[in-house]
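Participant: Protein chains in written order, with the working numbering: chain A, 1 to 320; chain B, 1 to 453.
No lab work stands behind these hints: they were computed from the structure.
Please note that a few of the clues may not be correct.
[Said to hold, decoys possible] Calculated pairs, SDA-like style, for lysine to any residue (alpha carbon to alpha carbon, straight line, at most 20 angstroms): (1) K278/B to V61/A; (2) K49/B to K253/A; (3) K253/A to E40/B; (4) K49/B to L213/A; (5) K28/B to V61/A; (6) K278/B to Q210/A; (7) K49/B to D48/A; (8) K28/B to E40/B.
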Amino acid sequence: MFGKKEKPEKRDGFIKRLRARINRGDSWLTYDLANLAPGGTIDEDVLDELEALLVMADVGVETTERIISDLQKSLARKELKDVAALRNGLRASLCGILAPVEKPLSIEKPGGPFVILMVGVNGAGKTTTIGKLARHLKDDGYSVMLAAGDTFRAAAVEQLQAWGERNDVAVIAQQAGADPAAVIFDAWEAARARNIDVLLADTAGRLQSQTGLMDELAKVKRVVARRDESAPHEIMLVLDASQGQNALVQAEKFHEALGLTGITVTKLDGSAKGGILLAIANRLNVPVRFIGIGEAAEDMQPFAADDFVDALLTSGGQGK
Amino acid sequence: MFDNLSGRLSDAARQLTGKGRLTESNIKDTLRQVRLALLEADVALPVVKTFIERIRVRALGEEVGKSLTPGQALVRIIHDELVQILGSESAPLDLRAQPPVVILLAGLQGAGKTTTAAKLAKRLIDREKKKVMLVSVDVHRPAAILQLQTLAGEVGALHCASDAGEKPTRIVDRALDEARRSHADVLIVDTAGRLHIDSGMMQEVVEVHEAAQPLETLFVVDSMAGQDAVNAATAFNESLSLTGTVLTKADGDAKGGVALSVVEVTGKPIRFMGIGEKIDALEAFHPDRMASRILGMGDVLSLVEEIEHTVSKEKTEKLAKKLKKGRGFDLSDLRDQLEQMMNMGGLATMLDKLPMPGNVNPAALADSANEQKIRRQIAIINSMTPSERRFPKTINGSRKKRIANGSGQQIQDVNRLLKQHLQMERMMKKVSRGGMKKFMRGMPGGGMPPGFR
Ligand SMILES: Nc1nc2c(ncn2[C@@H]2O[C@H](COP(=O)(O)OP(=O)(O)OP(=O)(O)O)[C@@H](O)[C@H]2O)c(=O)[nH]1
Ligand SMILES: Nc1nc2c(ncn2[C@@H]2O[C@H](COP(=O)(O)OP(=O)(O)OP(=O)(O)O)[C@@H](O)[C@H]2O)c(=O)[nH]1
Ligand SMILES: [Mg+2]
Ligand SMILES: [Mg+2]
C-alpha cells in the first residue's frame with residue numbers, strides 16, 4: 001500500500017501502520033489468549049499455541065523450545081496465573097534475548113571517512129539499505145559517498161547510482177567486472193580527498209557457502225584497512241526477514257569470515273516476522289542496527305527490541 | 001548367500017504373519033524427528049502437520065522390510081511420499097499455443113525474477129530454438145529495466161524497451177504488439193517484486209496478468225525463504241492462478257523446505273531450480289534430490305538403501321560373474337531373482353528397471369508380480385534337484401510330475417515356470433553382450449560388480 005514512491009503522506013502511513021501492528025500485537029496477546037483461556041487459566045494448550053506462533057515466526061525449533069520451556073517452568077511454579085502474567089513472561093523472555101543487541105550505530109569521526117561495508121546474500125536488500133542509510137545519514141548532517149562495489153550483477157552500478165541521485169550524493173564506480181576491492185579502495189581515496197564523513201560500500205550478493213566469494217570480501221576488508229587500519233568501521237550484514245533458518249547460517253558464516261559489527265533486517269513490512277533474529281541474537285551477540293520496512297528511502301528505523309517483539313507476536317498475515 | 005537363505009525366508013514369513021509392521025508406538029520417535037527436520041528445513045508448520053498426519057495414516061500397518069528397523073522403514077516411506085508430492089521430474093513448460101506465448105514471472109522482492117527471466121530465455125533459445133523477447137514492467141525499482149535489458153543482450157533475446165514512467169499494462173500491450181511484429185515465439189514478462197499483503201501492488205500485477213494473458217505464470221521463490229512463504233504463495237496463487245514455481249538460489253546450503261510448502265498450497269509443480277547467478281544456471285527440478293535435502297536424513301536413507309541392496313547385490317555379482325564365464329542363467333539364478341523380487345516389493349518395480357528385449361512380454365511377466373505366485377515358483381524350484389536346476393532341459397515329463405507333487409503345484413505351473421525361465425535366459429544372452437552394463441545398472445544393488453566396468 002505504501003513504500004513505492006517517496007511521498008510525505010506515505011511516511012504517515014507507515015507510522016500509522018506500525019502503530020496499528022503494535023496495537024494488533026497487544027490485541028492478539030490479550031484477545032486471542034484470553035479466548036484460548038476462557039477461564040483465564042493458562043495451561044499446556046495455551047503454551048502449545050504460543051509455541052506454534054513462535055515457530056511460524058521463524059524463531060526456529062531450538063530457540064522456541066527454550067522459550068517455551070522457561071514458560072513451562074513458570075507455569076509449574078504457578079507464576080502464570082492469568083493472561084497478563086503469561087504476556088509479561090513471554091515478552092520478558094523475548095526482550096531478554098533481543099535487548100542486548102539493541103545497539104544503535106554511532107558514527108565516530110576517525111581520521112578518514114567512516115567506512116560501512118554492506119554484505120549479505122543475493123537480493124537481501126544491501127543496495128536499497130545503502131540508499132536508505134545515505135538518506136538517514138544526510139538527514140543527520142553527515143556528508144556521504146557511495147562506492148559501487150557490486151561489479152558483477154547486471155545494472156547493480158546503475159541501481160546504486162539511482163540511489164545516489166535521489167539522495168544527491170556522489171557514487172564512485174568503475175566498469176563492470178572491475179575488482180571490487182579496487183573500486184572501494186578508490187572510493188575511500190576520493191572520500192578522504194573530499195573530506196567525506198561516511199563512505200557506504202556496496203558489494204555483490206553472495207551465498208555464504210561460496211568460499212571463493214567470501215574470500216573476495218575478506219580481501220575487500222584487508223584492502224580497505226591498508227590506508228586506515230580502523231576501517232571498515234562497520235561491517236553490516238543485511239538479512240531478509242522473510243528468510244528462514246538459513247539466516248542463522250548466513251549470520252554465522254559471514255561473521256566467521258569478516259567479523260560482523262552490525263545487522264540490518266529488511267522487508268519487515270511484509271508478514272514475515274524475522275524471528276530467526278532471536279536465534280542469531282542468542283548465538284552471536286552482533287548488534288542489530290536498523291530495520292527495513294519498505295522500498296523507499298525513508299522506510300528504515302533504528303532497531304528497537306520492544307517494537308520488534310510486539311510485531312513478532314502479532315498473528316497478522318496468518319489469520320486474524 | 002545360501003547359508004542366509006533360511007534366515008531370510010523365515011524373516012519373510014515373519015513379515016507375512018503380521019509382525020514387523022509399523023505401529024503407532026514404533027513410529028512415534030521417528031515421526032517426531034521428521035517433524036523437527038521439516039521445521040528446521042523451513043517447511044511451513046501447517047504443511048508439516050498435514051504431512052506428518054498423512055504419513056502416519058499411510059505407514060500404520062505397513063510391513064517393515066528385511067533387516068530394517070521400523071524407524072528406517074518409515075524414513076523410506078516418508079522420502080517416497082515427499083518425492084511424490086514434490087512432483088515428477090519433467091514438468092516442462094507448456095508452450096503450445098499461438099505465438100507469442102507469454103510467460104509471466106512474479107514473486108516477492110529480490111527472489112530472483114529478473115535473473116530467472118533471462119535464464120529461461122536462454123534455455124528456450126538454446127534448447128528449443130525459440131525466438132524470445134523479454135520485457136520488464138518493473139517501473140518501481142531503480143535500474144530494474146536496465147538490468148533486464150542488459151541480461152537480454154547477454155542471452156541473445158529481443159528486448160522490448162520500457163520506461164519507468166509508463167503504466168505496466170501499457171507496457172504489456174506494447175510488448176505484445178512488438179512481439180507479434182518481430183515474430184517472437186515467446187514473450188517473457190518480468191514484474192516488480194511485491195509483498196503479497198500490499199493490495200495496491202497485488203492489484204497492479206493482476207492487471208498485468210489480465211493484459212498479458214500468459215500461458216505460464218510462474219511464482220519465483222527463494223529457497224532460503226521461511227515460514228511466511230506459504231502465505232505469499234497462497235496469495236499469489238489466488239490472484240494470478242499460477243501454473244508453476246521456480247525455486248531460486250538452490251546452489252546455497254539452505255534446506256529449501258519452502259519447495260514442499262509451495263507445492264502443497266499451490267498444487268502446481270516446481271518447474272525449474274536456479275543454481276547460480278550465471279545465466280545458464282537453471283536446472284530442471286529434481287524431486288528426489290530435493291526430498292533428501294529437505295529431510296536432511298541422507299545418512300539414514302543411504303543406510304536403508306544399502307541394507308535393502310546388499311543381499312541382492314551379492315547375488316547380482318555372482319550372477320554377473322557366472323554370465324561372464326559363459327555359463328548360462330539357470331534355475332537357481334532364477335530363484336535368486338525371485339527371492340530378490342519378494343524383498344523388493346514386487347516384480348513390477350523391477351520390470352521398470354530392466355531393459356526388455358523385444359521378445360519378452362513384460363505384461364506376461366508382470367502378471368506373476370504378486371507374492372503368492374512368486375512364492376509358489378520358488379517352491380517349485382526348491383523341489384528340483386541341483387542338477388535339474390543347473391540343466392533345465394533334462395526336466396522331462398516324469399520329473400515334472402515329481403516336482404509338481406513335491407511343491408504342491410500343478411504340472412502346468414511347472415511348465416509355466418520353465419517357459420518363463422527360458423524367456424529370461426534368452427534375455428540374459430542378449431544383454432550379456434554390450435547391454436550387460438546397462439542391465440546391471442538397472443538391477444537392484446545398483447552398480448556394476450567388479451570385472452564388468
Ligand atoms: N518490501 C521491502 N522491500 C525491500 C526492502 N529492502 C529492499 N527491498 C527490495 O528488495 C529487492 C532487493 O533489494 P536490493 O537492494 O537490490 O538487494 P541486494 O541485496 O542489493 O541484491 P543483490 O545486489 O542482487 O544481491 C528490491 O526489490 C528492493 O526494493 C524492505 O525493507 N522492504
Ligand atoms: N546464487 C544465486 N543467486 C541468484 C539466483 N537467482 C538469482 N540470484 C541473485 O539474486 C539476486 C536477486 O535477483 P533478481 O533477479 O534481481 O531478483 P528479482 O526478483 O528480480 O528482484 P526485484 O526485482 O528487486 O524484486 C541477484 O543478486 C541475482 O544475481 C540463483 O539461482 N542462485
Ligand atoms: Mg545490490
Ligand atoms: Mg527484478
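Participant: Taking the hints in turn, state whether each one holds.
Facilitator: Hint check results:
{"no.": "1", "hint": "K278/B to V61/A", "in the structure": "violated, 34 angstroms"}
{"no.": "2", "hint": "K49/B to K253/A", "in the structure": "violated, 31 angstroms"}
{"no.": "3", "hint": "K253/A to E40/B", "in the structure": "holds, 18 angstroms"}
{"no.": "4", "hint": "K49/B to L213/A", "in the structure": "violated, 38 angstroms"}
{"no.": "5", "hint": "K28/B to V61/A", "in the structure": "holds, 18 angstroms"}
{"no.": "6", "hint": "K278/B to Q210/A", "in the structure": "holds, 14 angstroms"}
{"no.": "7", "hint": "K49/B to D48/A", "in the structure": "holds, 14 angstroms"}
{"no.": "8", "hint": "K28/B to E40/B", "in the structure": "holds, 18 angstroms"}
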